[in-house]
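Colleague: Residue numbers (the working numbering), protein chains in the order written: chain A, 1 to 499; chain B, 1 to 126; chain C, 1 to 439.
FYI, nobody ran anything at the bench for these hints, they're computed from the structure. Beta carbons are placed, not taken as given, at the ideal position from N, Cα and C, and that holds for glycine. Each hint should be verified, as a subset may be incorrect.
Unchecked claim - Some chain B residues flagged as far from chain C (calculated, every beta-carbon gap over 12 Å): (1) T5; (2) V20; (3) E40; (4) V57; (5) K61; (6) V75; (7) N89; (8) E90; (9) S91; (10) E106; (11) F121; (12) E123.
What the hints assert, rightly or not - Computed spacing ranges between beta-carbons, pair by pair: (13) C:R302 with B:D79: 29 to 35 Å; (14) A:G81 with C:A195: 54 to 60 Å; (15) B:D51 with A:D245: 35 to 41 Å; (16) C:G411 with A:A60: 34 to 40 Å.
One-letter residues, chain by chain:
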Amino acid sequence: MTGNSHDTVSGDLGLSIEEPLIFEQDSPGALGVDWPEAEAHADRLGGLARSGPIGLPSLAEPTVVRHYTRLSQKNYGIDTGLFPLGSCTMKHNPRLNERMARLPGFADIHPLQPESTVQGALALCREVQRWLTVLTGMPGVALTPGAGAHGELCGMMAIRAALDAGGAANADRRRVLVPDSAHGTNPATAAALGFEVVSIPEDARGRVDPERFEALAGEGGVAAVMLTNPNTCGVFENDIRRIADAVHAAGGYFYCDGANFNAIVGRVRPGDLGVDAMHINLHKTFSTPHGGGGPGSGPVVFSEALAPYAPVPRIVGEDGALRLEEANERAFGRMKAFHGQMGMFVRALAYMMSHGADGLRQVSGDAVLNANYLLRRLEDVYSAPFAHSGPAMHEALFDDRALRDTGVSTLDIAKAMIDEGLHPMTVYFPLVVHGAMLVEPTETETRASLDRFIAIMRGLAERAKDGAPLTEAPFHAPRRRLDETQAARKPVLRWQAEG
Amino acid sequence: MAVRTYYTREHEWVRIEDGVAVCGITDYAQTQLGDVVYVELPEVGVQVARDGEAAVVESTKAASDVYAPLTGTIVAVNDRLEESPDLVNESAEDAGWFFRMEVDDEGELDELMDEEGYQAFVEELD
Amino acid sequence: MRYLPITGADRSEMLRAIGAPSVDALFSDVPEDALLAEPVDLPRHAGEFEVERRLSRLAARNRAAGAGPFFCGAGSYRHHIPAAVDYLIQRGEFLTSYTPYQPEIAQGTLQYLFEFQTQVCLLTGMEVANASMYDGATAAAEAVMMANRVTRRSKAVVSGNLHPHYRDTAATLARFQGFTLEAGPPVPAGGEDLASRIDGETSCVVVQYPDLFGNVRDFSELAEAAHAKGALLVVVVTEIVALGALRPPGDMGADIVAAEGQSLGNAMGFGGPHLGLFAARTRHMRQMPGRLCGETVDADGRRGYVLTLATREQHIRRERATSNICTNSGLCSLAFTIHLSLLGETGLKRLAALNHAGAVSLADRLGRRVVTPAFFNEFAVRLEGDAAEAVERLAGDGILAGVPVSRLHPGAGLDDLLLVAVTETADADDIEALAEALQ
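If we strip away everything but chain A, and leave its shape as in the complex, we get (with noise of 0.2 Å):
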């Protein structure tokens, strides 16, 4: 053991307590659910009850709470502090939300009861439709995509029915225009729907080049771009207009990835910047929660041209009489099962009306403020690329130049803020930056919270600088470094029984 001098008996240490998997927990005889043996009856199975036993541990309720308190308890989450992931947009998730969301009104009602059981559940899908149109200046607003890849499908394949709408004239369109600084998702999200993608390198200001863009849109078959804004480099497109003319009079569409929205919203309409398409993440921008990983939200907001081909199911009617549209012929199809992440839908709003137009405003202005102060605060000991290319939007991003001939890496200091108490930034990405780190602090985090950040930063910068061993770092996590690559040489992907 490292870091600790008084060995215990058990192994445990106070709060840090060893938890096994369920599956070497079962004590068969054990139940945490008291439900009765179902009467005699006669099986309609067809001769396909399953026989012998599933496989599954038997467990009694106080061993099931102590055993996912104890998962929890090996969890970072931004209820346990600063969560500076950028990209991500790790904000604080108000509770309200999910009081909200477990209405019976809205949680225990049936995707296809009939429609007029379910007339406040559609009233509030038109409202979350309000408010993404009014905050993005895009009259059209598909709701079903299951998370922000899965909106960016929805967006891209909107544009396909767009073009092939245009017939033979647009057969040849197939190339799609994205930045080095993408998010892995656009090439993926384009590739997967036949699109060739192009690359366009940043220029020294994290930016994409406006003449180099118009020569590559002026080359001929482009289908859209996929730009992000503001981007993965923490700066705003500045000629984001330039593009948008250069894209259109090349006869494609303008795809926004709408996943730093936050940094935005309630100052600027992406529909005022010539955009098409756009998907929002609701947990970004809306702040319904990660949950280690989903379930997320990702509606896509069309502009005029673009709003025929969303997908359906859509809401249409009066309120009172609002009824979903199963069928349309100009949709291009369906993105998933029923109508849309309903329980995200509910968390949103809650999120969008307790911020209300103001609240919003200030959402962006403070993260952006945030960013930019600790952009200043460290940009001399941490070195930052784009520090001069204007102000930063939401985040900060350095690269790992001020590290360099200390032996110590990007992902060295990022393991050494988990011994601090802090959850890493996002590392080595955007792609673009050699040893990234990107830094978002969001606008929830208080001043002293900032000032924290920065004193921790500038110690582990020193740090690194005296020699202190911090490639062997985390000490005091639950657990050190893993072994990621024995884990992918032999994948163990499930417990199996002994023997």
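Based on these hints, arrange chains B and C on the given structure of chain A.
Modeller: Only chains B and C this time, still in chain A's reference frame:
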């Protein structure tokens, strides 16, 4: 005389043994990749074109295409890599070979680098 | 504003440190005429009580399932959720954590995902499962694309009794990815011939178990027929509780199981979020979509868990990823795994038996009007008139009687069919009330 080894700019190596070309990735390439965790090999009998995708080599953080150094037909693959991808790290240019191919035109070898040329090429990269 | 802790004094000091005159000045890279000078035309901020009041009013305009007898299914099911489930998933360390990219401080998420993957394997009878997908429909679509990759073919043969939303989700991807989906017409009483539709171009056969009309069927022969032609068998399950009573698809030779896991631990929630389950054979592991959690050791040799085989994924492969998926249904998978841990072997079997018993007792009352010969907890009933009208009428009487088939297959000539699901939440009185009402 030792069998000559040829190199590509994409960091593959190839040498002719008993009339068949043996191919793999270079020692330099494996150090750049880090721990190799998986190798996706081509099917025997498949035709590959020079510089065409023939295999994929994966570390925990990256997946890289491996291109055929020459045009021809795959006649054997190194099954040991399935169980022991670490062979690529330990012996990239010998036991860690990827595939063998029957070559359509050995003349293509002339367009590849020899060991000296490759060393110089790599030094320039660093 | 209660969620925004930066004060006016903080703001002035921070702006001074930055060297900017105002927050607005930080937006100087935005084209000037695109910068809104005033808040947009939406209501101003509101306190907790006000928001709660407004949203509660909207919620009250919906008829919650608990308000009376309830029999809707067709891909979303009402089961009782133990209190411990909802308490545990709301622990902040679960609720407010991120995808476990930093495994040293995410072992809680990773260990439950490892347990979840194991449970999914056990239930489905498969060898390997991923950490979840968006929902059953997207899981099914991903299964078809995976079968296309594995077989290097591009034609899927789809049962007419697959849930139409699942079929349409896959068909939408097929349209844009250039593969073919051959879906047959619905066969409410089951028994459609799929084997004869498989040929040398077929990548997979997609069936549902129990199917849309509740039919259960042994797919062993179909699996053999598919395998003989080099195709895979994809089995879709929309009611996962069924596998507490029924032989698992893995035993019948399924190559991929794509399922909806909402039934365990998750509310119906008007259809989302739900929970996609995805299980396959070890030999196809590297062609699977989505996140995978694997066991390993840390630097001190202690057992631990990490996300693994990430090179299949979009953030590394970019345009060559197996799928563009990044999020899974994390918290829904946690609810699922907690519920299943509470149920355990005995609890799940009893729960499944109660479901079947309830369905059998209703079917016995309805007699020959039941169209589905063998079923688990859901079946189709033939009514004398239009099923949608009957459902609407019964809703007025306080009974949510089920899902009219016309809602999912409009214009298919099946307007007199009603899908009825009976879970453990329907008691004998509810069943009696529906039986009476349908007389």
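Colleague: Does the structure break any of the earlier hints, and which numbers would those be?
Modeller: Hints 3, 4, 5, 16 are the ones this structure does not satisfy, whereas the remaining hints hold.
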